[in-house]
Every structure is written in C-alpha cells, then in structure tokens.
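Spelled out from the first residue to the last, the chains are:
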Amino acid sequence: MVETTLFDLEGSPASLAKLSDILSAMPDNDLARLHIAVSEERHRREVLAAAAGSDHDQVVGALELLGVPTATTILVLVARIRSGRPIDPRTVTSMRRDDQQAWGREVGLGRAHPRCLVPALHHTTLAPVRGQLAMSTWPLERRLVTPRSPRADLASAALALLEEAGRVRGVDAAASDGLLEVAVRLIAPLSKTRAEGNLPASLTAAATFQHQRWGGVAGRERQQAEAAALAGGLTEHELVWGRPGPGRPRRKTNGPATRSGEGQ
Amino acid sequence: MIENGLRARIDARYLAKAGAQAECGAGRLPVDYDRLLAHTPFDPKAEQATAAIAYGNVFERRCADDAHSYARVLVALEEAGLIVGDVAVEDLGLLDDHTIEDLAEETHRLLGGMLHGDIPTVLIAQAVLRFEFAGTTVYLKPDALTIVPITVDSYGEVVAEGTPGGRVELVPVEIKGFRVRPARYPDRKMAGALEQVGTYQLALRREAVALGFLADVVSDRAVIINALKLGMAPVASVHDNRAVRLTLERRITATEARLQAAHLDDPNGAFAAAVALDPKKATAKDRLAVMAALVDTYGHQYSPECLAHCGAAKWCREQAADEPGRLGNLRSVQFAGSIQRARRFAWGVEAAPSPEFEPLVAELGDARRLVQAACAQAGLVPLAPPPSGANGKAALTTKSPAVGRGSASKRPVPNRRGRAAVARNG
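Protein chains in written order, with my numbering: chain B, 1 to 264; chain L, 265 to 690.
Don't take each hint at face value.
To be verified - Below, in silico cross-link-like pairs of lysine to any residue (SDA-like), each with a Cα-Cα straight-line distance of 20 angstroms or less: (1) L/Lys493 to B/Ala173; (2) B/Lys18 to B/Ala173; (3) L/Lys544 to L/Asp307; (4) L/Lys544 to L/Ala302; (5) L/Lys405 to B/Arg130; (6) L/Lys493 to L/Val322.
By construction, these hints were calculated from the structure, which means they are not laboratory data.
Values in this document were obtained by computation on a predicted structure and should not be read as measured data.
Next comes chain L alone, as it looks inside the complex:
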C-alpha cells in the first residue's frame, strides 16, 4: 500500500506543469520533489516569501471587500470590456461547515442555474471544480467564475459584448497579487497564471458537458486580476488562452496515460519507494538514492526552464553539468555536443574529429581569444585551459569547472535564477 508520504498534491499548479518537459519521465510522476530533495545540497527552497503570501491575501481580501460584494472585481471586469450586467455574487468561501465535496456540488448547482438563466448570479467566488485525473478526483479552486453575455459572428468569434438574455459564456477569473507596472510587465508570472487558468478552463468544460451544455460555452478567454502599479487597485486583463488550453489538454492526457502506466508497472519499485519515504526520518543519502532510482527507472530531461517549476531541477542540473542546454540556446556549444568538448575545441586541446567540425573549432577558438583579450584589458583573471589527460573527462566527474568551485555534493550550483523558486509558487 503506497502511503502519501512524498506524493505530490495534484492541484492546478501540478496540472499546469504536468508534462511540461515532454521527455522527462520522472518529472511527470506525482512526487513532491520539493520535499524529497529538502535537506540535501539540491534543496529547492521553494517556500514562497512570507511577505508575498501576506500581500496576496490582503489583495484578495481587498478585491472581495468587507461585505464580500466583489464590487471592485466587477468594476475591473467592466473596465476590461466584460460587462456582466448584474451584481449578484455567490461567495462559496463564506460557507462555513462545508467540505470541499459540498462546495464542488454547490458550484455545480450554481453553474447549472447560471447557464440555464434560473438564478441571477453573475460571479461565483471561491468556486470548487471537480477534475478526474488518473483515477483520482482533483478539486480545483478558481478565484472566481463569471458569466458574460456575448455576441458572436458567423465564424463563432466573439465580436462584442452581448445583452442580457442572449448567448453567454463562462469566463474564469484569477486574482493574482503581483503588480503590473508600466515597462515592467511580469510576463513569466502572467504565463504561469494563464497555465493555471487553463486547467480551470479544462475542468469547467467538463462541468459544462456534465450539465448538458456544449463545452464551447466555456470561454477561451482568461481574466487575470492584478494590482495596478504600487497600490492595491485591481485591474483586469483579458487574454486569449486557447493555445494554452489546447496544449494543456494534450499534456494532461499524455501525463495521465503515463501516470497510470507507472502505477500499474513500477519496475524496481522506485515510484512506490519515493512516495512511501518518510520525510521526517529520511537522511540526505536516502533521499538522493531515491531520486537516482526514479531517474534511472523513468528517465529525465533537463532544461533551464525546469528551474522555474520543478523541485528536482537543481539535481538534474548537476547531472546535466556538461549538457549544452544548461547554457541556454548556444548553437556552437550544442553543435560540439558537450560544454567540456566545446571548451577543449576552443583551447585547441582537442582537434576537429572531421572536416565539418573545423569551422566550429575555429569559431570557438576565436571566441576564446576575444574573451582572453577582454579579460586582459579589464585586468581580470585570465581564463584557465581545460585539464588535460583522458580528454579532461576524469576531471569533469570529480571537479567540474562548469559546475562550481567545490565538490558538487558539498556545494550546490549557485542558482543564477534564484528567484525562480519564488516565482514558481507566486
């Protein structure tokens, strides 16, 4: 029996990132890598800043106001062009003594009433949506769901806001505490929020079908409400989220299939061992052994983007110390096949193995000379040549110059994108 020791909570964030790395088998598993690799040199330290949490809570409370009328949200929606036409709001967050199943049922009932036009509600705050995923029921909690009258053209595109009594569509609304300031558009945070809304759209489409409506009654538009500038005034932005929703749909379907396969066929018991690991008793050695077993069994793939959303990214980065992808999209290094090989080409330690490598070797040599000249001009320490002997491969495994100055197990790689961990949960 697998207990929920280090099993990841399947929520909107998990679903939004599920299968983000198509070839990463380990990343797709519902393992809480943040906790698995805690107290190891690869601790992701993924906690969100306390101040950010407090700010987000205050902003959400301000959006709801003291009586939970959500008047500010409705004004922001109107200013963004979504005229809902009424002020009737149901805040399910106010219902005391209700379990999450009750709230999901209440959301289902309210959505039915809204779509049939039986109730005047135009906004459900703190709604709860059911989502069946890999044999389990996941409960997603969008900040708000609103219903908007629309007018569509002959191609089915929304061309204008409609009039009450006509065609309507459901639009998910997400309240995010991060600010939108002139010339400082938070693109990465916004992209993360839109992926989260994409999961709500998927769940909402299933709800609509269960209620006897077409899935298209759920809009592909997503509304994100942010704080404007340095204040707390909410401002809504409307985004076309169709591409994100379609991508998520494929990703989630693929992840679901592979996840079920992993549950059914867990060679070496690596997955079972990971989720059964007791986080209170496990030593750093145990944790790293479990991580290695997972990767051996299911495989992994690292890219710099992983740092923004995966708790195992630092571990994978260490493993991929010599992978060209670690340095980003550098064509010449990628063509060389590894960082160390590119370095050897640059210093002339290794000759071009075939004529097609000669331009690359020349290019890397030129780059090295330019950097050396720049360092000398600036009075910086000159570049060190790569270690010789066994083509430098032995040196790579013990003390990689690309990874860090000290031993990899004692000194983790400095995180150039240290704030990524915060952004992941922001």
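One chain only, chain B, in its complex shape:
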C-alpha cells in the first residue's frame, strides 16, 4: 500500500527523497485520490478542532459515530483516538449531569430541547442503564437496551469503527490502528475464535455476520419495548432521562414534569 509506505517514512532527507520517488512513480489517478483524501481529512479535523473542540463535543462525536448506546470507557477511547487528546472517563459522568441540568433549564424556559448525552434506558422499567450513554436526539427505540440488543450493538459499533478506520487509513495510520483495536475489543466476545490476524476484512466479516444475525431481532425487541413504554404514558422528562427506580424518589431536576400528551 502506497499510503502505508508514506506514513512509515520519517522526516529525514533520505526519507523525503524516497517519498519523492514514490510520488513521482504513482499514477496520476492514485495521486489525485491521495490528495483528495488528505484534503478531506485535514478539513474534517479543522472543522472538528474549530467547532467541536471541547471534551464534551469529542464524546458526542464518538457516540454519533458509533450510533448505538455505548459504554463510557469505549466512548472515551474512541474520542481520544480521534482527537488525539486524553479524556478522563470520570468527566463523562459530570458531562451527563451538566447536560441534564442544561436540559432542565432550557425546557423550563420553553426553549427547544438541547442535544444532550443521556443514559440508555432499560426496556421494561425504563430506568437509566448504568454506564451506557446515548444521545437525546435519538428516538426512544434506539436508546433502549433490550435482552438481545447488546450483542447487536457490539456488532453495529464495531462495523462503524471499521468503516471509520478504513476511511482515515490513508491519512492517519495511527488513528486507524487505534480504531481497529477498539473494533477488535468489541467484536472479540462475539466470535469464538480470533478473527484471522485481526485483519479489517475478517473483522468486518465477523461483525457483519453478528449484525445480520441479531440486528433484526434486537430491532423488533426495541420496537415492541418502545410501543409498550409509550402506551404506558411517559412524562417528557422520563422520555429523555428515564424513570427512577421504584424504591427511590426521583432526583430533583429543574425541568417541568409535564405529560407528553397533556393538553392535546
């Protein structure tokens, strides 16, 4: 691979000479594709750095990339790999708490719901699930954790990471390798044997197989759970933040506790 060779080079004059040789030997089409890939990635990173520089935004970006309820540890790993900046996992808890307060404030003032990190919800009790985060903008169905969804979600998240790793491969080999490692970590419990050499192709095949096998079942479970939850009646707050456990009083928030169907 030409891209790999490029990133293996160091900044010495000999290396630069070698780079020059490689580039001059490349066909025009490959050179143009490489140029476009580098430009796109540079642009993406500039946009990310300028508009989404905070840890919160990095975590949100990681969660949006994975697209399923995800453990905090994985989110922090992915965010660190993509941004190159270490994030303390403990701060994610406070991010969630801050988001909950901000949500309460905004809703109390009658403004539009902000985009928040929210807990994933248990499919029957609708209680917040410990350590699994989702986005408030996702539909309820997508935020539910059902008996078969963890397996489908692992495969789905692994596929997303493999795709991203392939995309950034040509321009940032280190990030690509990091994302591949996380994908291996996610897919490893699902396969009885190690994917051959942890190659992207074999990992993708394993993740696709698991996704096809369990994605549909988990999706139906989620739809049924969502229908049952909505039929039972949920307040606006419960719809986003979940129901408190039956044995404990609900935590105080600034948000109003209006019924979603109230006044209609």
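Please arrange chain L on chain B, whose structure you already have, making use of the hints.
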C-alpha cells in the same frame, strides 16, 4: 435493643459456612469475629488482597464485556455442554436507582417469565434472591442464573441437553477470578465456591416454589466460571452440587433453630454484648473478654479447618493448644488425649497408666528416638525434654512449647496456613 455493632452480615458466605463445625456454638452466632478480634494478638487479618479484588473485578467485567452481552459466558457454558440456545440476557447490575428489594422483585418476575416461557431471557446477570433466615430477609447475589433445556431419563437424571420448548432447569453460575491451571487445580477455592453456589440453589428452590413450580426445577448442577491458565479467557466447569446443597440445607436449618434460641435466651447477655460492642472504642482487653464470654456461654470446637473460614480460629487455636486435633489427624497423639501428654509419653516422663497404653508409649518413644537421631545427623538442635513438675501442666499454661516461643498474649501463634485468611474471602 441490640445494635448492629459487630453483628455479622448474613450473606452467602455466612450461610455457606453456617454450622460447618457442628459442635461450635459460638461459631454459629452472627458475630463478626474478624472485627471483634481485630487489634488483638489474634487478629485474623482477613482482608482480601487488593490485587485479588482488582483481578476479580476485571475478570467479571471481561466476562460481561463492554455492552454487557455476556457473550463470553454463553460461549463458555456452551463449551461446558450447557447449550442455552439464545442470547437474550438481562443484566440487573445495569439498573440504576434500584434498591436491592426492587432488584429481588425484578429477579422474581424474570424467573417467573423464564420458567413459564413468556420471555426469551436465558441468563439473568447480577440477580438478587431473597432468603428468609432466622426471621430476617437475606439478599443473595449470584453472578448469573441461566435456564437450560434438558432431557431426563426415566429415573429423572439429566441425560442430555434438550431442545427449546421442552423441559428446562435453572442453573446458578458463579464467576470466580481464581485461575484453573494444568496440575494446579484450586480444590479448596473451588469447594468454597460450590458451597456459596449451594446457598443460591437453596434460595432458588424457594423462589421456584413461590412461583408455583416444583423445587426440582432448580438444577443440582453448579457452574463455576474461572480464568483459564494465565489469561483472562473464561472457562466453565459443571459440578454435581447435590451433596453440598443437601448438607447446607441441614446445616442452615440447624443453625437457624439455634440462632433463634440464642436470640430468645441469651444467658449472661454475651451475644448482646458482642453485637453491641463499639469497634471504634473497644480495647483489646474488652474484645478478648467478650470473646471469652461468648465461648463460655455457647461453647466452641476447634479444628485446623476453622482457620480457613472463621475469624475466631486463631483465638480458638490458642485455647486448644494442647488439643490433639491441632496437629491434624495423628492417631497416636489423639489416643494420648493431649499433645503434652503424648510428649511426656514419648520422653518416658509419664508412664503408661494402664496396659492398653503400653504400645502407644512404645510407639511414641520410638518416634522420639528416630527424630532425635535425624536431628543429630542433620546437625540440628536436639529435641528438648518436657518440663518436669506437676506433670508439666503448670508449664503448659504459662509457656506452652506447642504454642510458641513467647508469651501467648504477646506473640500470636505463627499461622502455618497464613494464606487461608485470603482464601476465605477469595
């Protein structure tokens, strides 16, 4: 009013060891001996190694994986011959804002659904089981409960794994961080784990009956999941736990009865004083006085096995310094009646009191001569004869050669099985 000062927490570990020493009245009481005898010469130092706790937590997290799919556990079960047939898992450990009572209720609901076939769940992780014991509700937390389709023969024995939709049984699964390595089978740790699973089986049988099923729907098989070799790959082993479960059932019933009697009739108030002792203010003298009062009231019995599970074992060992059982199952010493008497027989300080003791005296004398010869050959310090005067009994109480070199109150007996304290909680 008895406060919970030094009252032992009644959990699976307590129940698994309840009444392990049938004649030990003090050991059966729910007193936290680890804390009672802390800061005394008999401090059991029962804390589990921090590294072991960390390793166990990491192993459990690895078994659950990042999404809590428990896929590795299901694979390990399948490899052990328990084919559950689905991947639907409920992890109650994920439920935030739930009290232990809520989780017990949720476990009850899920078990009902699983047994009736209303829900597809095949494994409940971090389940909570209720267990009524001596008038209190104890909450037991098995790592996982799984439901397995089975086929049974005409004698009711499980002969093969079944097909979905047929007969099922509930099997408790315990995840233990200790490793299983070739030629290093952790038999004592495994036995402890199986006793713990036995308590889950008892609780699960009661749950099954409460749900309107026969208690036999709970399997007598127990699954222990360990780390294989030096890595973190989980491997499941299936054990027939019927004998353990039956023994525990009898032990727990007997303990429960005696415990209720102790609550109702606490002569001298020894039990009340023990559980009301303030562990922050009590001096070593107070603690030892309370311990002595407990033993005077309820009695005790020591055997070397006590060191593996009882916080008072070192104290009892000191008391039983002259008991033959302290040296294990040595027939000749046991026949002599005490360690010191056997020593006196060996040195000829005390003659055989009757003709039936003569072979024993000769045997012990031969043993002593052999040991002396071996010591001389190896250049070791020769054996010292027992002190004379009052048959050596006075010397025993002040400075027992069998107990240690120094004063017993200042220098505790060196623990030959020092790791037993760690194994107890491992």
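Hint check:
no.	hint	in the structure
1	L/Lys493 to B/Ala173	violated (34 angstroms)
2	B/Lys18 to B/Ala173	holds (19 angstroms)
3	L/Lys544 to L/Asp307	holds (15 angstroms)
4	L/Lys544 to L/Ala302	holds (11 angstroms)
5	L/Lys405 to B/Arg130	holds (18 angstroms)
6	L/Lys493 to L/Val322	holds (16 angstroms)
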